[in-house]
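Q: Residues per chain are reported as follows:
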Amino acid sequence: DTAVSQTPKYLVTQMGNDKSIKCEQNLGHDTMYWYKQDSKKFLKIMFSYNNKELIINETVPNRFSPKSPDKAHLNLHINSLELGDSAVYFCASSQSIGAVKNIQYFGAGTRLSVL
Amino acid sequence: EDQVTQSPEALRLQEGESSSLNCSYTVSGLRGLFWYRQDPGKGPEFLFTLYSAGEEKEKERLKATLTKKESFLHITAPKPEDSATYLCAVQVTGGGNKLTFGTGTQLKVEL
Chain A
1 DTAVSQTPKY LVTQMGNDKS IKCEQNLGHD TMYWYKQDSK KFLKIMFSYN
51 NKELIINETV PNRFSPKSPD KAHLNLHINS LELGDSAVYF CASSQSIGAV
101 KNIQYFGAGT RLSVL
Chain B
1 EDQVTQSPEA LRLQEGESSS LNCSYTVSGL RGLFWYRQDP GKGPEFLFTL
51 YSAGEEKEKE RLKATLTKKE SFLHITAPKP EDSATYLCAV QVTGGGNKLT
101 FGTGTQLKVE L
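As you go down the protein sequences, you meet chains A and B in turn.
The first sequence: position 86 = 86 (the working numbering), numbered continuously.
The second sequence: position 82 = 82 (the working numbering), numbered continuously.
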């Protein structure tokens, strides 16, 4: 059983297109995150949701819109894709924000290539 | 601004040759320091969390330690399967649980 699963694993698209990445977790966690890993392998937080409520929005262009239909799912929609959006996007989840031990578990990543 | 710096960027070891990876941090208030392992094409895999200076955690050939300024990941008698990128991250008080990562140390263990 995969704890945090993302689809698709690979996404190749043209500049200007709109695309979505889906994430689901079966760990019963309340908090979910999106991170971006650039070509130098640097991981940076983009968003976090706690029980469907947006908690963190780290100066990400508004072309990126996260949506959380329920606390087990956090999707990422990207409008008008640009070359600089090419990266690996990771979804993660953890227990609720107030939990003492707050370990984040990551999905396998979605490699987005914008041509 | 919270900062995490890892060194070295890359490390090549012979099997059985012990060494240490460094993670130095500058934060407003540390809530926890995390070590992850990342294999090529995969997501980060949780290894350890350390919460206060002086704390140590061990798992197989790995041991993580924490001071007020830095953390070390000691690798004892490494094997080729320990080859991976090791990521350090901090979580700060009032930071909403986000992890601020370092740029990682790419470890290669050769026979």
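One or more hints might be untrue.
[Stated by the list, open to error] If you only want the chain A side, here are some residues facing chain B, beta carbon under 10 Å, derived:
1) Y33
2) L43
3) I55
4) P61
5) F64
[As the list claims (entries may be wrong)] Estimated spans, in silico, between C-beta atoms of each pair:
6) B:K42 x A:E82: 34 to 40 Å
7) A:K67 x B:D2: 35 to 41 Å
8) A:R111 x B:R12: 23 to 29 Å
9) A:S65 x B:E58: 17 to 23 Å
[Unchecked claim] Once the Cα atoms are required to be at most 25 Å apart in a straight line, the calculated SDA-like pairs of lysine to any residue come out as:
10) B:K68 x B:E81
11) A:K36 x B:K57
12) A:K44 x B:Q14
13) B:K68 x B:E15
14) A:K36 x B:K68
Derived from the structure by calculation, the hints contain no laboratory data.
Glycine is no exception: its CB is placed at the ideal position from the N, C-alpha and C atoms.
Q: State, for the Cβ atoms of A:K67 and B:D2, whether the hinted interval 35 to 41 Å holds or is violated.
A: Violated: the Cβ-Cβ distance is about 28 Å, outside 35 to 41 Å.
Q: Are the Cα positions of A:K44 and B:Q14 separated by 25 Å at most?
A: 32 Å, violated
Q: Would the hint linking B:K68 and B:E15 be met if the CA-CA limit is 25 Å?
A: 31 Å, violated
Q: Would the hint linking A:K36 and B:K57 be met if the CA-CA limit is 25 Å?
A: 28 Å, violated
Q: Hint A:P61 vs chain B: min CB-CB distance below 10 Å?
A: 18 Å, violated
Q: Taking the Cβ atom of A:S65 and the Cβ atom of B:E58, is their distance within the range 17 to 23 Å?
A: At 43 Å between Cβs, range violated.
Q: Between the alpha carbons of A:K36 and B:K68, is the straight-line distance 25 Å or under?
A: 28 Å, violated
Q: Given the hint of 23 to 29 Å, is the C-beta distance from A:R111 to B:R12 inside that range or not?
A: 26 Å, holds
Q: Would you check whether A:Y33 satisfies its interface hint, that is, whether its CB is within less than 10 Å of any CB in chain B?
A: 7 Å, holds
Q: Hint validation: A:L43 versus chain B, beta carbon distance must be below 10 Å. Holds or violated?
A: Holds, because the Cβ-Cβ distance from A:L43 to chain B comes to roughly 4 Å (cut-off 10 Å).
Q: Measuring from the C-beta of A:I55 to each C-beta in chain B, is the shortest one below 10 Å?
A: 5 Å, holds
Q: Can the restraint linking B:K68 and B:E81 be considered satisfied, given a maximum Cα separation of 25 Å?
A: Not satisfied, since the Cα-Cα distance of roughly 31 Å exceeds 25 Å.
Of the hints listed earlier, those the structure fails to meet are numbers 4, 5, 6, 7, 9, 10, 11, 12, 13, 14, in rising order.
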